[in-house]
Amino acid sequence: MVPLPTPSQPCDNPALAPRAARLGLEEAWGEGAPGRVAATLFGLMRAAEGDERPVVVAASSVWLREQGRWFRDGLKIAGLPDRRLLFIETPKDAQTLWALEECLKSDAVAGAVAAADTISLLASRRLDMVARQAGATCLLLRTQPAKDISAARRRWSIAPAPSAPHPYDDEAPGAARIAVSLTRSRGEPPGDWILEWDDETHRFRLAAGLADHGLVPDGRSVVAA
Amino acid sequence: MALVEKGPHGLVLSATNRAARRLGHAMGQAHADAKAVSPDLITHPAEPDRDAEALRLLSLWAERYSPCVAMDAASAGREGLLIDMTGGAHLFGGEVALLTDMAVRLKAAGIPARLAMADTAGSAWALARFGPRDTRRLVPVGGARTALAPLPVVALRLDETDVKLLSRLGLRTIGDLMALPRSGLARRFRGEGGLTLVRRLDQALGSEPEILEPIRRPPVWRVWRNVLEPLIDVPGIETVLNDLAPSLAESLERDGQGARRLTLTAFRTDGRATHLSVALSVPSIRPAHLAKVLKERGLEHLDLGFGADAVMLSADVVEPLTSIQSDLDKGRDGDQRLALAALLDRLGARLGETAAFHLQAQASWLPEHSQVRRPAGEGPPAPAQPPPPLPDRPLLLLDPPEPVTVPLASLPDGPPASFVWRRVTHRVSRAQGPERLSAEWWKPARRALPDRTRDYYRVEDREGRRYWLFREGLYQREDKSTEPPAPGETESKLVDRPPAWWMHGVFA
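Listed in order, the protein sequences are those of chains A and B.
According to my numbering, the first sequence holds residues 1 to 225 in order.
According to my numbering, the second sequence holds residues 1 to 508 in order.
Simulated from the structure, these hints should not be mistaken for lab results.
This structure is a prediction, so every number in the text was calculated from the model and none was measured.
Keep in mind that a hint or two might mislead.
Said to hold, decoys possible - Derived list of chain A stretches under chain B, where covered just means 3 residues or more per stretch with a C-beta under 8 Å from a C-beta of chain B: (1) 12-19; (2) 32-40; (3) 101-115; (4) 157-165.
What the hints assert, rightly or not - In silico SDA-like pairs for lysine to any residue, Cα to Cα no more than 25 Å straight-line: (5) A/92 with B/6; (6) A/92 with A/50; (7) B/292 with A/93; (8) B/493 with B/463; (9) A/92 with B/27.
What the hints assert, rightly or not - Pairwise CB distance ranges, derived in the manner of DEER restraints: (10) A/205 with B/437: 29 to 35 Å; (11) B/232 with A/147: 45 to 51 Å; (12) A/181 with B/437: 52 to 58 Å; (13) A/148 with B/298: 30 to 36 Å.
Built from N, CA and C at the ideal position, the CB exists for glycine as well.
Given the sequences, and given the hints that come with them, work out the whole structure.
This is the structure in structure tokens:
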């Protein structure tokens, strides 16, 4: 057990927060299958980066049938070896939450991305506490935009965005971009960011606002239309 | 009453009760003959499968006496159990007490049984079935010859033909056989018959060893406990389990082994046994963990019926503990591996052993066959050769692929300009492809493979959503298919089968 870190240090860019600033429970919502895929990758990166322990990906059978099954050849862009990705398929959301809590409590995982639709305030508080105690990051994927109260430290809304230009082929999609917006947080102002997947470092980086103009000074990018 | 089954020449009686035997009916009699003799004979069809199952359940129960219990169903109508009690009788207060205990328990459960105990399995078999009419027979050490001598030759587990031949020779009892010189005995019979006869005789007398084939591999590490008052609920079992786990862990630790698979068996008062098994991801000897994993598996799954009077905890599969202990020295790293193993055990116990898994590459060009699930926590996988670098693949794969309507493709064999998936129209702004994949026709297939070529495209719509689409079938070459001839026709005919579009996955 790691001593509880000081609660949620506000940071400049929560979307690319350092590990110490993203421990605990967070929630994300993505519209449709592409939004959920984007949120999964976002959560995987937040969970895996800066820790050597395995990462858990959990969902119910129903979710997997509707959204699609985890695909190894695609997930390997996250740069994690097979043994570091632990998948859990459960019969129902209730078991997903149970498995999630067990995983975080065990102190054996770096973080988790789990799809579950309903969670009570009490359950979310418990998840947040065990996650922070174990030094883990947990992203809960919701299928509906959440209106209810929860103990999640941040609430994200994630959507795919038109990709970066392909270096060699004008007709082809380039590096994947996602539009991330922080809709609720403790001690941080809400904001929008465009993140771009970097195939070499296996993580997201801030997308340049316009081609080759570098980062926008305040760290937030302008949405490229 | 009698049970009937199908014989080569119509129905025959396969089992009779005492009343039927008194009327002169016996096994093997034709059903029509029996009905002619006693028209009011009640007959029911025999269910050999259920008989065998009942015998199996009884044999599991009999494991309370010895880990080595064999079912003997070779000769119809003389089925039974063979229990190897070598060196074990004193645990039950001696041989007489053991037989009494067994008889009392079986009688209480309503199972009629004839018991015998002897130096060899062969002579016990003979005495139980053909011995003097007493429910318990015990042959003292070395007394097999005298005990067997008056029994008929059938008691040697011989074929019917051999028995017939022996009776023609005037050899009716085992005593007659024992009086003859052995070499002559073998020569009297043609072929295998003589050898079988001599071997059976030797086995009964103990001059040739006989190996029992136990129904389950006897566990070497097992602990168990009798309870005075039958246990009928989960808390009772839990208490016993908490007592048993430390003593099992102790005996495992003494031998330097850790349990990989645990079984908790409850022996019921009605002559059945019920058990619960659970697999562990790494060898473990922590009593608290062993008990916890079994509890997570759900003690309520044990069917206790009217109560269980003995509980056994066994480690069926074990592995040396050394690998774990060297890891412990590494401090946090070793702790974490133990923590992960404990986590996987709990997940496996609650959600099923296949719920937690890793994905592993499998050599196949078809995306849906290119990965397999491997249960989490097992040893390192066989190192596969690195797969060829592939173009981008989606993170989620729809399996099976979902149909997509394409109103317009920019070229007949190009990417679509727009498509409808799940009732939403997407306008394609950028696309990459095709990547042409087809099934491995050169490999013998275990499942049906798609017969048409697939052209995969990575497309992005105006909102930036990226999909993996494929067109099944090539224009001009694969847009016709042969249909098997309809009934009444001889020619198979060509039908139009235009290429179709499918959604196969979603990118980030």
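Cross-check of the supplied hints:
1. Residues of the region 12-19 of chain A with a Cβ under 8 Å from some Cβ of chain B number 0, which does not satisfy the need for three, so the listed coverage is violated.
2. Coverage of the region 32-40 of chain A by chain B holds. Counting CB-CB distances below 8 Å, 7 residues qualify, and the rule asks for three or more.
3. Using a Cβ-Cβ cut-off of 8 Å, 6 residues of the region 101-115 of chain A lie near chain B, which meets the minimum of three, so the contact claim holds.
4. Only residues whose C-beta sits within less than 8 Å of a C-beta in chain B count toward coverage, and the region 157-165 of chain A has 5 of them, enough to reach three; the restraint holds.
5. For the suggested pair residue 92 of chain A and residue 6 of chain B, the alpha carbons sit about 49 Å apart, so the restraint of at most 25 Å is broken.
6. A hinted pair counts as satisfied when its Cα atoms are at most 25 Å apart, and residue 92 of chain A with residue 50 of chain A does not qualify at roughly 31 Å.
7. For the hint linking residue 292 of chain B to residue 93 of chain A, the alpha-carbon distance of about 23 Å falls within 25 Å, and the restraint holds.
8. Restraint check: the Cα-Cα separation between residue 493 of chain B and residue 463 of chain B comes to about 45 Å, which exceeds 25 Å; the hinted pair is violated.
9. At roughly 55 Å between alpha-carbon atoms, residue 92 of chain A and residue 27 of chain B are farther apart than 25 Å, so this suggested pair is violated.
10. Between residue 205 of chain A and residue 437 of chain B the beta carbons are some 32 Å apart, a value that agrees with the proposed interval 29 to 35 Å.
11. Checked against the hint of 45 to 51 Å, the C-beta distance between residue 232 of chain B and residue 147 of chain A comes to roughly 48 Å, which is consistent with it.
12. Look at residue 181 of chain A against residue 437 of chain B: about 37 Å separates their beta carbons, and that is not inside 52 to 58 Å.
13. Against the hinted window of 30 to 36 Å, the Cβ-Cβ separation of residue 148 of chain A and residue 298 of chain B comes to about 32 Å, which satisfies the hint.
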